[in-house]
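> Going down the list, the protein sequences come from chains A and B. In this text, residue positions in the first sequence follow our numbering: the first is 1, and each later residue adds one. In this text, residue positions in the second sequence follow our numbering: the first is 1, and each later residue adds one.
Read the hints as simulated data drawn from the structure, not as lab findings. Owing to the predicted nature of the structure, the values given are computational and were not obtained by experimental measurement. Please note: incorrect hints may appear among the correct ones.
Derived DSSO-like pairs (lysine-lysine); straight-line CA-CA distance at most 27 Å [as the list claims (entries may be wrong)]:
| no. | chain 1 | residue 1 | chain 2 | residue 2 |
| --- | --- | --- | --- | --- |
| 1 | B | LYS103 | A | LYS72 |
| 2 | B | LYS88 | B | LYS57 |
| 3 | A | LYS37 | B | LYS82 |
| 4 | B | LYS130 | A | LYS88 |
| 5 | B | LYS103 | A | LYS77 |
| 6 | B | LYS28 | A | LYS130 |
| 7 | B | LYS72 | B | LYS28 |
| 8 | A | LYS37 | B | LYS36 |
| 9 | B | LYS88 | B | LYS37 |
| 10 | B | LYS36 | A | LYS130 |
| 11 | B | LYS130 | B | LYS77 |
| 12 | B | LYS109 | B | LYS131 |
| 13 | B | LYS130 | B | LYS28 |
| 14 | B | LYS103 | A | LYS53 |
Given next are the chains, with one letter for each unit.
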Amino acid sequence: MKRSIGILLVLIMLGISGNAQNSPQGDRNNYVVSTTKIPQLQPIILTAEALKKEDGAKYGDFQIVMYGSNVKGLTNKEEMETYTGKAKAAGVSISVCKISLERLGIDQSELHEYIQVVDHAYTHLIQLQKNKNYYSLQL
Amino acid sequence: MKIYFLSSIVLLLTLFANPIQAQAQHEKENYVVLTKKIPQLEPIFLTAETLAEEDGKNFGKFEVIICGQTVKELTDKEMMQKYINKAKEHNVELVACGFSLNKFGVDRKDISPKFRVVENGILYNLQLQKKGYTSISL
Numbered sequence: 001m002k003r004s005i006g007i008l009l010v011l012i013m014l015g016i017s018g019n020a021q022n023s024p025q026g027d028r029n030n031y032v033v034s035t036t037k038i039p040q041l042q043p044i045i046l047t048a049e050a051l052k053k054e055d056g057a058k059y060g061d062f063q064i065v066m067y068g069s070n071v072k073g074l075t076n077k078e079e080m081e082t083y084t085g086k087a088k089a090a091g092v093s094i095s096v097c098k099i100s101l102e103r104l105g106i107d108q109s110e111l112h113e114y115i116q117v118v119d120h121a122y123t124h125l126i127q128l129q130k131n132k133n134y135y136s137l138q139l
Numbered sequence: 001m002k003i004y005f006l007s008s009i010v011l012l013l014t015l016f017a018n019p020i021q022a023q024a025q026h027e028k029e030n031y032v033v034l035t036k037k038i039p040q041l042e043p044i045f046l047t048a049e050t051l052a053e054e055d056g057k058n059f060g061k062f063e064v065i066i067c068g069q070t071v072k073e074l075t076d077k078e079m080m081q082k083y084i085n086k087a088k089e090h091n092v093e094l095v096a097c098g099f100s101l102n103k104f105g106v107d108r109k110d111i112s113p114k115f116r117v118v119e120n121g122i123l124y125n126l127q128l129q130k131k132g133y134t135s136i137s138l
């Protein structure tokens with residue numbers, strides 16, 4: 001009798017942990033917004049703040065992907081500072097397309113330290129939608 | 001006997017109630033398009049027309065959010081009236097982004113009341129996607 005209760009407990013726990021493993025990725029709301037203009041960072045970060053509040057515990061990842069000729073501005077550390085503090089607080093990562101950097105001859109070390117680099121903006125966007133169910137918007 | 005009867009009713013109810021609920025949620029197809037150029041409304045209406053035909057009874061809402069500098073053109077009442085008529089014809093709802101109106105100094109009194117103004121067009125789009133809307137941005 002004791003034994004069967006033990007087995008039952010183990011089974012129940014397995015069931016619970018199995019479910020718990022599924023939920024963090026599957027149930028959360030993840031977002032990616034791409035833009036070519038730096039001033040757009042402001043409304044996008046406000047959007048992230050609002051969604052963070054709205055989603056509560058379900059709020060997952062929020063990424064901004066930048067590409068195009070305006071990414072030069074990402075090297076302006078002073079200007080970027082006005083965005084990165086708020087981005088960090090709202091759990092927003094900012095990344096830039098490597099191809100755009102190469103085209104403009106910008107070295108990755110020139111970027112503000114908060115900025116990450118992705119190999120190819122479009123591929124990154126499609127992959128997030130395909131593999132991770134991100135809600136996506138291109139500005 | 002009574003208990004058997006009652007429990008079988010409950011069982012039947014649970015069996016049938018669930019699929020019906022699930023269907024109700026998937027019944028309507030809703031769409032949202034975000035655009036930064038007013039002339040894009042033309043092909044967007046064509047899209048809505050095709051989808052309405054394709055979806056038949058399942059065609060739900062079709063909303064267009066207008067964002068960016070192009071919101072200045074919303075004050076051109078004559079040009080906008082053509083779009084407003086067509087939007088009505090195709091059951092398309094027109095939405096303007098409040099952030100854009102503020103940024104480009106467009107007074108809300110100068111645009112047609114047929115436009116619904118939302119505070120933040122980007123946020124509004126993502127909120128609709130969360131509700132299951134199919135989205136594209138132009």
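> All hints, please: hold or fail.
Now for the hints, and whether the structure bears them out:
Taking the CA atoms of LYS103 (chain B) and LYS72 (chain A), the gap is about 23 Å. The hint holds against a cut of 27 Å. For the proposed pair LYS88 (chain B) and LYS57 (chain B), the alpha carbon gap of about 18 Å is at most 27 Å, so the pair holds. A distance of roughly 31 Å separates the Cα atoms of LYS37 (chain A) and LYS82 (chain B); the hinted pair therefore is violated under the 27 Å criterion. Restraint check for LYS130 (chain B) and LYS88 (chain A): satisfied, since their Cα atoms lie roughly 23 Å apart, inside the 27 Å limit.
Between LYS103 (chain B) and LYS77 (chain A) the CA atoms are separated by roughly 24 Å; this keeps the pair inside 27 Å, and the hint holds. Under the criterion of a C-alpha separation no larger than 27 Å, the hint pairing LYS28 (chain B) with LYS130 (chain A) is consistent with the structure, at around 23 Å. Using a Cα cut-off of 27 Å, the hinted pair LYS72 (chain B) and LYS28 (chain B) is violated, with the two alpha carbons roughly 33 Å apart. For the proposed pair LYS37 (chain A) and LYS36 (chain B), the alpha carbon gap of about 13 Å is at most 27 Å, so the pair holds.
With a C-alpha separation of about 19 Å, the suggested pair LYS88 (chain B) and LYS37 (chain B) falls inside the 27 Å cut-off, and the hint holds. Annotation: proposed proximity of LYS36 (chain B) to LYS130 (chain A) holds, straight-line Cα distance about 25 Å (limit 27 Å). This hinted pair does not check out: LYS130 (chain B) and LYS77 (chain B) have alpha carbons roughly 33 Å apart, beyond 27 Å. A distance of roughly 30 Å separates the Cα atoms of LYS109 (chain B) and LYS131 (chain B); the hinted pair therefore is violated under the 27 Å criterion.
Taking the CA atoms of LYS130 (chain B) and LYS28 (chain B), the gap is about 15 Å. The hint holds against a cut of 27 Å. Restraint check: the Cα-Cα separation between LYS103 (chain B) and LYS53 (chain A) comes to about 24 Å, which is no more than 27 Å; the hinted pair holds.
When each numbered hint is compared with the structure, violations occur for hints 3, 7, 11, 12.
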